[in-house]
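Throw the hints in and build the complete structure from the sequences for me.
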Amino acid sequence: MASQGYGEEELLTNRASVLVSGGTEDERRTWASVAARNFLHEGALLEVRQNEQLTEALKKTRGVVFIPDVARLNFVTQGLLVRCLQTQEERPKFIVGLSGAVEPARGKGTLREDLLYRLHRAHVDMSAEGMRERMVQRRAQLAADDLVRKAEAERLAAEKVAQMKASGVSVKSARMHSRSLSRSASPKVTRT
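Quick note: the sequence shown, position 21, residue 21 per the UniProt record's numbering, numbers continuous.
If you are wondering where the hints come from, they were derived from the structure by calculation, not from laboratory data. Heads up, a few of these hints could be off.
As the list claims (entries may be wrong) - Pairs of lysine-lysine residues, derived as BS3-like cross-links and limited to a Cα-Cα distance of at most 30 Å, are as follows: (1) 150 <-> 160; (2) 60 <-> 150; (3) 165 <-> 150.
Stated by the list, open to error - Per label pair, the in silico range of CB-to-CB distance: (4) 26 <-> 79: 24 to 32 Å; (5) 10 <-> 154: 28 to 36 Å; (6) 106 <-> 10: 22 to 30 Å; (7) 59 <-> 158: 37 to 45 Å; (8) 61 <-> 141: 23 to 31 Å; (9) 107 <-> 14: 28 to 36 Å; (10) 87 <-> 14: 17 to 25 Å; (11) 170 <-> 44: 31 to 39 Å; (12) 150 <-> 25: 23 to 31 Å.
We treat Cβ as the ideally placed atom computed from N, Cα and C, and that holds for glycine.
Right, dumping it as structure tokens:
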């Protein structure tokens, strides 16, 4: 799983940037999502799929940045990531995915040698024995955690409404309130 460096469980919780090779993109994303849960206070997981997106992600100083397949990024962009890992002390945790094994990508030149060198002590091989089963368990745990978080938020909202009613404050339902807002007043959601 992890080569002569950190253990896989430790890589989920520490700030070290990680190379996650093999497995499916969904399995690598699950691993990244589990790691990002340890840094929720720093923001949501940011996914980078294109060269231009990495330039923006490198400006962040906190959080977790997930690159599903680094081989899709060009040599120059991978070099920007290497430079960030070498010189930027305040940076996000980078989870660098690779769709196949390390050696073939290295041989084809789709994975920079210096990037591999920077991440060699923090490598998780998703094709290792037992990892697929572990990802299924983690995916189920993520779903269960989301349900618990949602239920807790609903409970807290209901408590707040009850407190407001008890203190004599008139409370409109969220459904009625949302209809009275114009569409232009709604927040715009964008994905990078």
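Here is what the structure says about each hint:
Restraint check for residue 150 and residue 160: satisfied, since their Cα atoms lie roughly 15 Å apart, inside the 30 Å limit. Restraint check: the Cα-Cα separation between residue 60 and residue 150 comes to about 28 Å, which is no more than 30 Å; the hinted pair holds. In summary, the hint linking residue 165 to residue 150 is supported, as the alpha carbons are separated by about 23 Å, within the 30 Å threshold. For residue 26 paired with residue 79, a C-beta distance near 28 Å keeps the hint of 24 to 32 Å intact.
Evaluation of the 28 to 36 Å hint for residue 10 and residue 154 yields a pass: the beta carbon distance comes to about 35 Å. A hinted range of 22 to 30 Å holds for the C-beta pair residue 106 and residue 10, which are about 25 Å apart. Range check, residue 59 to residue 158: Cβ separation about 40 Å, and the 37 to 45 Å hint holds. Between residue 61 and residue 141 the beta carbon distance is about 29 Å. The supplied range of 23 to 31 Å therefore holds.
The hinted window of 28 to 36 Å between residue 107 and residue 14 holds, with their beta carbons roughly 30 Å apart. Look at residue 87 against residue 14: about 20 Å separates their beta carbons, and that is inside 17 to 25 Å. One distance hint, 31 to 39 Å for the beta-carbon pair residue 170 and residue 44, holds here, with the actual separation near 34 Å. Checked against the hint of 23 to 31 Å, the pair residue 150 and residue 25 passes, with Cβ atoms roughly 26 Å apart.
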